[in-house]
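Asks: If you want the building blocks of each chain, they are given just below.
Protein chains: 2
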Amino acid sequence: MASTPGPRIKDIHITPIATVDPPLLNAAGLHAPYALRTVLEIVTEDNISGISEIPGTKDIDAALEDSKKLLIGQDVFQLNQIRQMLVQAFGKDSSADRGLAPWDQRKLVHIFSAVEVACLDIIGKVTNKPVVDLLGGKMRDRVPFAAYLFYKYAGAGGELGFEQDPTASGWDEARQKSALNPEEIVAQAQAMCREFGFQSIKLKGGVFPPRQEVDAIFALREAFGPDVPLRIDPNALWQVETAIQYGREMEPVLEYLEDPVRGQENMAQVRKALKTPLATNMCTTSFEEIPRSIALGSEDIILSDHHFWGGLRASMTLAGICETFGRGLSMHSNSHLGISLAAMVHLGAALPKMTYALDTHYPWQSDEIIIGGRLKFEEGSVLVPTEPGLGVELDRVALAKLHENYKACGLTKRNDEVEMQKVQPGWKFEAVRW
Amino acid sequence: MASTPGPRIKDIHITPIATVDPPLLNAAGLHAPYALRTVLEIVTEDNISGISEIPGTKDIDAALEDSKKLLIGQDVFQLNQIRQMLVQAFGKDSSADRGLAPWDQRKLVHIFSAVEVACLDIIGKVTNKPVVDLLGGKMRDRVPFAAYLFYKYAGAGGELGFEQDPTASGWDEARQKSALNPEEIVAQAQAMCREFGFQSIKLKGGVFPPRQEVDAIFALREAFGPDVPLRIDPNALWQVETAIQYGREMEPVLEYLEDPVRGQENMAQVRKALKTPLATNMCTTSFEEIPRSIALGSEDIILSDHHFWGGLRASMTLAGICETFGRGLSMHSNSHLGISLAAMVHLGAALPKMTYALDTHYPWQSDEIIIGGRLKFEEGSVLVPTEPGLGVELDRVALAKLHENYKACGLTKRNDEVEMQKVQPGWKFEAVRW
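Listed in order, the protein sequences are those of chains U and X. If you want this note's numbering, it's the 1-based position in the first sequence plus 282. If you want this note's numbering, it's the 1-based position in the second sequence plus 282.
Just so you know, not all the hints are guaranteed correct.
No distinction is drawn between identical chains; accordingly, a pair holds when it is met within one copy or between any pair of copies.
Here are the simulated lysine-lysine pairs, DSBU-like style, with alpha carbons at most 35 Å apart [claimed, not checked]:
| no. | residue 1 | residue 2 |
| --- | --- | --- |
| 1 | Lys635 | Lys292 |
| 2 | Lys710 | Lys459 |
| 3 | Lys459 | Lys374 |
| 4 | Lys635 | Lys351 |
| 5 | Lys557 | Lys340 |
| 6 | Lys635 | Lys374 |
| 7 | Lys635 | Lys389 |
Just so you know, these hints were derived from the structure itself, not from any lab. From a predicted model like this one, the values you see are computed outputs, not experimental measurements.
In isolation and in its complexed conformation, chain U is listed as follows (with noise of 0.2 Å):
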């Protein structure tokens, strides 16, 4: 007997949030009071709903708007198609699009993964299997993840801004205390530590000159020891002298050093020439230019992102990718909630390999829009969900609540360089800066 026919989708739901988030500097300048994200909600014919999120941008919200006429009607379980459809609606991306900021501005991979999770979501409850599960099953309980360190401003975000909040106490109030040389930062990695338990360490640099973020690696390894592993990542900021000269002398303390030049021709010098290994999110984003890392030798490291590579399964892909070429595979964030932090725990839980604690920004959000709130860190990690599907649901009125932020804030895409200005005016976004 033919098997029943998989839950077709009825409704689409597509709604742009505004979360507070804190002035973090980076590379290409300063966040904005309010980080975007867009929440996708699948809801099939028979009412089973299924959510994603991904980076909020009015370009890729217009275009997962126009994917509605396609989707509607289909098999939740034809990501095969579904993916093919939106390729001939769309486009494959193109390396270029990419962008030269430190986040991925690509249509396709952004649109399919929305869709691919949200129809995982829905797989999982209909099969009464976490999401996990349709990866081939979990390898690991719980999933773990790095203390994220950034530079920045004193502040909360959100309505205050540069203000900070008097009632905050804990890592809420920590959060928005400035972070602008060593101490700061080591002040920063130990309450995150005690409030998350973190066990790795990773500095976001780009923002001062390399000697500053330097002396704060070695703070922090002078504050920690030698037991916590620590990264930094200067978003490609720097120029292939300046990565060897301070890649060698970090290489007593660090566990890789992430993207510190751009393009993958420097980060295959700057690769011969250290013995760290060498991790990107930057020189090599996708499948196309996974050729050309191969052929030049640009990365040891391959933090992936499913917003950024079309998805769970296509994340799977690569990491079956880096194991046969011999490279590792760690995970990049961007500023998110709990319905990416899910899908990001159920692709680590999954994963044939956990060489390296997982990024995270979540720490720095303090919103969230999922019932019972905001997910726990264990010692470092996030517990895999065992309920059907991502193990999250909408609080609606959390999202409503986001949604009106999104539209009373008047951001539209992230856009650092204009932010930064705002402190610093006349600031320019450089490719190269050092």
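On the provided structure of chain U, position chain X as indicated by the hints.
Replies: What follows is chain X alone, placed relative to chain U:
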């Protein structure tokens, strides 16, 4: 609420069988009167049964037997963990273990392929989905295969050996005829295409000196015209110069040239000299060998085989690798029955691209062990099953009969050299012959 735990494995049945096989010639010698397969049946605690089929080899059957104690009690959804468990028990395959024959002799890939396909069959049944939907869903409703021609002695195989069954008619009769020259090959092709509707043709070569086999290709072209794609597979028996000479001669008529020479370097040399795409299932045969294949540029098309690449999901990863590196993907086959054919069809249906009709030996077998008997071809294609799981069920009476054949025939592993020596005393396999 936590999802239900997956179905756990209660029993595993391993049944070696011998299926009637005609005296087909190939680079390694001659097919025995029976081809060996091993049928795996996994039964869950709630009595759901999943099946798979792999090439039959005593050593691998013994390893499967050993793996029982690890597998019993496992959740069939936890394929990542099951694989890791088997890797730990049996070690990773090394490419040296493959052997020089056209077929693969590695242990882990066979065992895991058997276990994975049977588990996917169960997962399909409990989720009420065909296996193709567990691979992302179907890209096509029917999967095209090619006519697979063999040089052969007259004979039916089985108890009849080199005798022909005087009652046979149609393709059954044609299958028993000898094919030892271009004219007989054309007659075989015509009978096979008439019966099954194949629209591409592959000639298994490596049997006669190249001139004769190349003449057969031109005779096929003459008989079938330019619209029927032609391929020849000398099973790595030609020298580089031979491959280039005859490859150039066949350039106007070949769709692809399969394994003309042995080894990735030699393939790369031939590939540089020819315009015709090169395909392989002998020079790049594992994930471990892919980096060197890419570095050397040893082939255009990988002929995957889920029995040799470690299952259906690994084959999807291989498809992703081929897409990433601009390689084509098609499918290799050995003598097999309907369980393997069903698995090949589900995989073929899920592949993002289907550029080439797949190989199958199925027309050469006459036995079957699935309920309803032999699967049908329509215009050379097999309809993708829509039933839950693989969509084929064990005919236990037929299975028992073929198991009796196994016990009676005395064969325990494939050895085409020994069979050939019965006809041509002193015949020796040579890794490179012409």
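Asks: When Cα atoms must be at most 35 Å apart, do Lys635 and Lys389 count as within-copy, between-copy, both, or neither?
Replies: So Lys635 and Lys389 pass the 35 Å test inside a copy (29 Å) and across (22 Å) alike.
Asks: Treating 35 Å as the Cα threshold, decide for Lys635 and Lys374: within, between, both or neither.
Replies: both (30 Å within a copy, 15 Å between copies)
Asks: Should Lys635 paired with Lys351 be assigned to within, between, both, or neither, using CA atoms and 35 Å as the limit?
Replies: between (39 Å within a copy, 25 Å between copies)
Asks: Taking 35 Å as the upper bound on the Cα-Cα distance, should Lys557 and Lys340 be classified as within, between, both, or neither?
Replies: Neither, since 42 Å and 47 Å both go past 35 Å.
Asks: Within a copy, between copies, both or neither: where do Lys710 and Lys459 come within 35 Å Cα-Cα?
Replies: Within one copy only: 25 Å inside a chain, 80 Å across chains, cut-off 35 Å.
Asks: 35 Å Cα cut-off: does Lys459 pair with Lys374 within a copy, between copies, both or neither?
Replies: neither (43 Å within a copy, 51 Å between copies)
Asks: Is the C-alpha distance from Lys635 to Lys292 at most 35 Å within one copy, between copies, in both cases, or in neither?
Replies: So Lys635 and Lys292 pass the 35 Å test across copies only (28 Å; inside, 38 Å).
Hint check: violations occur at hints 3, 5; the rest are consistent with the structure.
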